[in-house]
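There are 2 protein chains.
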Amino acid sequence: MDANAVAKQFSEFYYNVFDTDRSQLSGLYRDSSMMTWEGQPFMGTANIVEKLTNLPFEKVQHKVTTVDAQPSGTGLLVFFTGLLAVDGNAEQPLQFSQTFQLQQNENQTGFWVSNDIFRLNYG
Amino acid sequence: MDANAVAKQFSEFYYNVFDTDRSQLSGLYRDSSMMTWEGQPFMGTANIVEKLTNLPFEKVQHKVTTVDAQPSGTGLLVFFTGLLAVDGNAEQPLQFSQTFQLQQNENQTGFWVSNDIFRLNYG
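In order, the protein sequences belong to chains A and B.
Heads up, the first sequence is in our numbering, so the first residue is 1 and it goes up one at a time.
Heads up, the second sequence is in our numbering, so the first residue is 1 and it goes up one at a time.
Keep in mind that the hints were calculated from the coordinates and are not lab data.
Among the hints, erroneous ones may be present.
No copy labels: a pair is met if it fits in one copy or bridges any two.
[Claimed, not checked] No more than 25 Å apart at the CA atoms, straight line, and that leaves these computed lysine to any residue pairs for SDA-like: (1) K63 - T74; (2) K59 - T74; (3) K59 - Q103; (4) K51 - S23; (5) K63 - G82; (6) K51 - D2; (7) K63 - Q95; (8) K59 - P93; (9) K51 - L94; (10) K51 - A3.
Computed from a predicted structure; not experimentally measured.
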């Protein structure tokens, strides 16, 4: 398993789905998954997806700047930084950073998210 | 174990030691530890501490802005963002974000770092 290749593929999938229809991210989470979004904790697929779909913007576009990955425990620790533009405000993007612990599916065809921490870095 | 309390205590210890004498961070790492520093991978206490001590600045001061934590696997995933001033350049601090996977020591009196990923977020 090439950690960096998995991280890059995951980042492309995750942020593309997020920017297109973030309700579809539900397939990445499980009932034991944890997400901390700007300091607010959420647990389980339903709570996480509810938070994501209720974020107060319509259009969002992520541009990933850095992708890092390391094997960690039974899975992978991945870490992304980048820029985030909401509702067409492309001239004033926000910086974000986000870390995920990924776990391989039982059939080893993909990964799910056991841990997800997101922060905006205000300038 | 209160994940947020551990994360806060760890952040205070880590960045205080880093800013005072970063060679003393060696006690936090083991030979299996991984660090990715601005995209460069390092493994093992000796390589990690060599990188940290050879960073091209004398004085450094971290100011942690956010502290997040989640239980993850056999340990804790912690995530920090903040500001970093080097060599007295306090008026132009850099933004940083850093994530660690912490593992409890065998005698359960403290934690060591199995994974460490650091990034500067340029404005």
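### Query
Are there hints from earlier that the structure breaks, and if so, what are their numbers?
1, 2, 3
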